[in-house]
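> Sequence:
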Amino acid sequence: MIVGSIKEDLSSEKRISVTPETAKNIMGLGLKVCIEKDYATHLGIDDNEYKKTGVEIKDSSSEVLNSSNLIIKVNCPSENEISFLKEKTILVGMLNPSKNKDQIDKIIKKKIKTFSLELLPRITRAQSMDVLSSQSNLAGYRAVIDCVAEFEKAVPMMMTAAGTVPAAKVLVIGAGVAGLQAIATAKRL
Numbered sequence: 425m426i427v428g429s430i431k432e433d434l435s436s437e438k439r440i441s442v443t444p445e446t447a448k449n450i451m452g453l454g455l456k457v458c459i460e461k462d463y464a465t466h467l468g469i470d471d472n473e474y475k476k477t478g479v480e481i482k483d484s485s486s487e488v489l490n491s492s493n494l495i496i497k498v499n500c501p502s503e504n505e506i507s508f509l510k511e512k513t514i515l516v517g518m519l520n521p522s523k524n525k526d527q528i529d530k531i532i533k534k535k536i537k538t539f540s541l542e543l544l545p546r547i548t549r550a551q552s553m554d555v556l557s558s559q560s561n562l563a564g565y566r567a568v569i570d571c572v573a574e575f576e577k578a579v580p581m582m583m584t585a586a587g588t589v590p591a592a593k594v595l596v597i598g599a600g601v602a603g604l605q606a607i608a609t610a611k612r613l
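Per this note's numbering, the very first residue in the sequence shown carries number 425; after that it's consecutive.
These aren't lab readings, by the way, just hints derived from the structure by calculation.
Among the clues, some could well be false.
Said to hold, decoys possible - In silico DSS-like links for lysine-lysine, alpha-carbon gap of 30 Å or less:
(1) K525 / K448
(2) K577 / K593
(3) K512 / K533
(4) K577 / K461
As the list claims (entries may be wrong) - FRET-style restraints, in silico, Cβ to Cβ:
(5) Q559 / T588: 22 to 30 Å
(6) E511 / V555: 47 to 55 Å
(7) L541 / G603: 16 to 24 Å
(8) V579 / G600: 17 to 25 Å
(9) V589 / P545: 44 to 52 Å
Beta carbons are placed, not taken as given, at the ideal position from N, Cα and C, and that holds for glycine.
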């Protein structure tokens with residue numbers, strides 16, 4: 425079985441589905457991996473790093489899609505990418521079926537099996553496949569960092585010879601994954 429992954433639309437998505445390390449893990453299961461040329465150069469990962477692990481590099485996304493039995497993507501494939509998918513391929517990614525209904529309908533018509541990772545239950549057994557918590561953690565962290573940048577005052581308590589500047593008070597609404605990370609980040613600042 426060949427596992428393939430193509431570049432995402434860099435105007436809206438910088439993440440990738442396969443790193444050299446994860447490619448090595450996939451190949452350890454007896455599967456082959458192929459990616460599109462310059463797959464992760466925007467993240468500073470050169471094609472040679474993939475080649476060292478045994479990944480096959482294809483010149484275009486259509487070549488990857490035509491030769492792969494399983495496609496791993498971060499986001500739902502575009503209309504053009506769907507046209508190159510083979511029948512009975514397996515597609516894994518964050519497909520967002522409620523937002524991408526037209527694409528999903530076309531994918532289903534081609535008898536492609538889909539696994540939308542954001543719909544996996546968030547339970548202990550599925551933690552290794554959880555694609556939402558890591559992003560929520562980053563969102564909570566980034567929310568506090570961005571707020572502090574806009575705050576225009578000192579955040580931590582500062583004691584100087586001229587006096588004491590009290591610590592800023594932060595209100596975080598919500599205590600999910602993002603909220604807990606926001607609270608922890610604010611407390612560290």
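> With reference to the structure, classify each hint as holding or not holding.
Verification of the hints:
Of the pairs offered as hints, the one joining K525 and K448 is violated, with about 34 Å between alpha carbons and a cut-off of 30 Å exceeded. With a C-alpha separation of about 11 Å, the suggested pairing of K577 with K593 holds against the 30 Å cut-off. About 10 Å separates the Cα atoms of K512 and K533, which keeps this hinted pair within 30 Å; it holds. Restraint check for K577 and K461: not satisfied, since their Cα atoms lie roughly 47 Å apart, outside the 30 Å limit.
Between Q559 and T588 the beta carbons are some 38 Å apart, a value that contradicts the proposed interval 22 to 30 Å. The supplied range of 47 to 55 Å is broken by E511 and V555, whose beta-carbon atoms lie about 26 Å from each other. Our hint of 16 to 24 Å for L541 and G603 holds, since their Cβ atoms are close to 22 Å apart. Look at V579 against G600: about 23 Å separates their beta carbons, and that is inside 17 to 25 Å.
As the Cβ distance of V589 to P545 is approximately 46 Å, the hint placing it in 44 to 52 Å holds.
Going down the numbered hints, you'll see the structure goes against 1, 4, 5 and 6, while the others check out.
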